[in-house]
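Visitor: Put the two chains together into one complex, using the hints given.
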Amino acid sequence: MIIDIQGLKFAYTSVPVLNEVTVTIEGPKFVSILGPNGVGKSTLIHCINKILQPTGGTVMIDGESVTDITVKEMAKIVGYVPYSANDSFPLSVVDTVLMGRHPHSTRKSLDSDLDVVYEVLDKLGILDLAMRPFNELSAGQHQKVMLARGLAQEPRILLLDEPTSNLDVRHQLDVAKMLKALSREKDILVIMICHDINIAAKYSDEIILLSRGTIYSTGVPKEVITEKSLREVYGVKSVIIDDDGSPHVILKDSISEAETEEGPVRIAVDREGQII
Amino acid sequence: MSEIVITRTREQLKREYYKALSRKLILLTVCITGILLFIGLFSLSVFDSISLGETYEIIWNHIVGNNDYEPRSLEWWADRYIWNRSIPHILVAIIAGCCLSICGALMQSLMSNPLADPYTTGISSGACFGAVTAIIAGITFSSITGEMGIVTNAFIGAMIPALIIILISARIRMTPATIILIGTGISYFFNSMVTYLMISTDADTLKTAYIWQVGSLDGMTWASVPLMFTVTLVGSILVLLSWRQLNLMSLGEESAVSLGLDVQKFRILCLILMSLMTAGVVTYVGIIGFVGLVAPHIVRLVIGGDNKYVIPLSMAVGTLLLLFADYVAIQFANLPVGVVMSLIGSPVFLILILYNHKSRGVLY
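Residue numbers (the working numbering), protein chains in the order written: chain A, 166 to 441; chain B, 6 to 369.
Isolated chain B (complex conformation) (with noise of 0.2 Å):
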């Protein structure tokens, strides 16, 4: 292959590096932007009646407290209907988003795997796994019982596979695949107790077992708005600072290792992390697939594959879509928000790895 040669000085090279960090910096202002432009202009138009201005009017006397109107008045119902639905809805899914796209960054980055996701290491099948035992067979590992046991049962099901591997790694040397090979096989086990629980019971809990496994925002209030938010937020301010051992990480365990990073604690530090992360989420909203597999990957195919920018990036594609999937499922049919992401999700995904394939050649 003849190539043209170019040479570069010194200050071109820097110029075109700072010039390559811009444009990514761009990318993410534009992100933002339609994120806010989204919640404002179509997430929070419930009402026909009443416009967006005055949405915001009534959202913005809410929290300055001068919220006493008539009651059953359009404006008393419009209120209580954003405040105690529409507001806790779109939180979550921003949360939701953020978190399940910055996990599979993380994880992709981790296991130097471009398949890998936040269900990777098997947390989804656990959390079914309480999940449906509490839904079913009404049994709770813990003393709350009602809806909150779901939650709690979610949680410590998605807990045992993250304890299984960290245990397991104390008496074997981790390697991405055995990591991998791990949760399937964690994954294969939960998954034939659920599908045994699931053939067990009659067709209406079923329904509600199968709605919780698809993943879906539906009947998001204040409460569920806590605990997500703080491992979300927690989590991801750890996954941000490390960005520099992550691009160490994808470059494969002999160079991270020459590199100065200790690649054994730092995968283990970054599992548990990442497992109380999804873990959080996982337990409120189900199982929504794909956006945390495929919203890492959009980012890398426009801006390459830098850590300090993918993170941050992912986290606002990742938002931006599961938003956009769940404008989409309330619109249309009130369908679970997971259906509607991999319907939507996955042809965009082909249609930028097409074209992707065609401009640049940049496929993993």
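Only chain A is shown next, with the shape it has when bound in the complex (with noise of 0.2 Å):
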């Protein structure tokens, strides 16, 4: 599966968020996307599944146009873990798994689609969790049962926001890892916003690394993480080291504004101290 964009632009009311996108993602793979706050990661993963609309240039899946795919189908193609639910209402664990296979389930599949919700409670080591009320759960429970409930979509193309913020180190690199595991045994293209880069770094594929609005560099870890891009993006001073072929990001310090050339923080320098 290939997902082609080209020229994405994006503006919420006036203030413009993507600006020119131009990237290439073909799977079976499994892509991190990194960048600074607000630098429009969710807005590029809203614009793939028609969450949002575009304000110019295209998106294709497998060479169509999401506007022409209907809301329907694309769930079937492309699923989605969001950053968090709702849980107004108290929803059991399978309940709100069983509805990640709403595209696909008819009148009777109730019982081939408790199969389904089995296998991924399984996967993800929650299925003590099956029966309890969804917004009973800790975050990070929460976050498990939202992925469980992505895994359970069976879509070609998973797409994930953020799905290790609330998990704890060991968890982190469990879900990374399955999520790498999952594209290689599936054949699907995985796509997953992050905030930890060394996660990223050490699972991904390829990292698509953004800075205000558009694509700064894409490619596999090890050309894309290195202390120069991390300083112009993240406004960070930082030391790389190789770990078994993977970069390793030490964080130094950050860097205050009037010292990047480029001024592209957008991250408040640390208000206590003048920052070297």
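FYI, nobody ran anything at the bench for these hints, they're computed from the structure. Treat the hints with care, as some may be off.
Dumping the calculated DSS-like pairs for lysine-lysine here, alpha-carbon to alpha-carbon at most 27 Å [unchecked claim]:
#1 A:387 x A:402
#2 A:237 x B:270
#3 A:288 x B:19
Guide: Right, here's the structure in full:
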């Protein structure tokens, strides 16, 4: 499967978020999208699965423009695991994950759908939560259940918005490892937004680094994660060491805006001190 | 939090899931039986000298056309009273209970907001304005006057907020918050007009207008039944069939879209449907509050949030609540049913929340 994005633009009311994003992602593989806060990572993902309508440019999935794909068809091709889910009403974990089967389910498929649900719960090691109400769970458990819902959808492309943000280190590693394995086992394209550069660098086949609403660079982790790119995109000083072939970042300090030539830093510089 | 890890086999998981399903079905059966018993035992025993069995006999005789009793005999009076008063009254209570609670459940899922009820879009204030203009100012929006003038006015009034929301929805992206805010805005507008009309009239007219606002099942005849019944029946079937979509909606907009639901279109269709259903009922019985808000919550406190069961059970619980409130209202002081509804409903609801909080901690 190929996602081909050409000259994508998106603006919320007046402020442009994405500007001329052009990138081709070809699967099956495990891709991470990195970039500072507010750079448009989630917006980019939302433009792929029709949650948002781009203000310009095109997004093609396997040669078909997403505007021509109905929401219902899209749900069969592209799965999405949001950053947070609404839990206004008490629903059991099984029921929540079962909803991932919605695009495929028919009147009589409950039993086979339950088989799929069992498998994903087992895979994620959360069978013990099965009959608990979703809104009683911790943030990390929440995140795993939503991940389970995305997996139950059995899409060909799986988009994830920070799937590891609420997990402890061990589960972060587990989930990233599982996503990589998933892309191999099921031959699907897995795209995740991530804030942990080291996790992304360790497991991803490809990294897309965004800066100021457009692509800074794409490629294998080694090419994208460099001291220079981190300085220019995130405004941080770092040392990168080689860890079994993948880059590992040791953060040193943040850079004051005056020092960075392009001043790309949107994160305010630490208020307490003048930073070198 | 350390937990006892329960491992389940596939069969165990399915067994537990199906067991939970059957619990929900049992509750539904209990509620429906409750409604039938209630209608039979309480609502139909209107004459002390006529037993329940004889009441059924009278109804049956009427249905088969065997009701030529001697004029002005006890049976003759009973037949007329039961057939022309009791039965339409009970039917209207059932239809209104079903309709308001199903609309409440629909609205809450649609807005992903536990505070939503059938009147959230401002329907009640529109209907109120329509009815009050007819009662106080004697102005009708249609050529029909008299009792039916109030009814048609209320219906037209109820549709105004719905139309405004639908027209606006074509121009801007509707989120639950926008819909609730527009509804609130419309309510304030109509409420101020209603208040103006009410302070400018005499005490008797004021009372009539006020009782209409509170909601009352008094004086329901067969004439009230057909429209209410049709909109409620058609609407309920449509809502019952869309339980999957409603479950998706309660996950939030992004999740619903990514699972294949055209959220904008679905929301507008549901709003139109709900407006018609609520207007159909409010038009005849006035604004009976609380039942639409509370029946779905009572159900969710007991069985969880799966709309496949929440919707039919809300209808059953709502009907039971309204029948009970209506019975109390008639027995004790001939109060408007809307008053009794809130008077009894609120403490029951609070007790349920407290009890539930202690035992399981499920609170929204």
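Visitor: With reference to the structure, classify each hint as holding or not holding.
Guide: Here's how the hints hold up against the structure:
Among the hinted pairs, residue 387 (chain A) with residue 402 (chain A) is consistent with the structure: their alpha-carbon atoms are about 17 Å apart, no more than 27 Å. Using a Cα cut-off of 27 Å, the hinted pair residue 237 (chain A) and residue 270 (chain B) holds, with the two alpha carbons roughly 13 Å apart. Proximity of residue 288 (chain A) to residue 19 (chain B) is assessed by CA-CA distance (about 17 Å); at most 27 Å being required, the pair is judged to hold.
No hint from the list above goes unmet by this structure.
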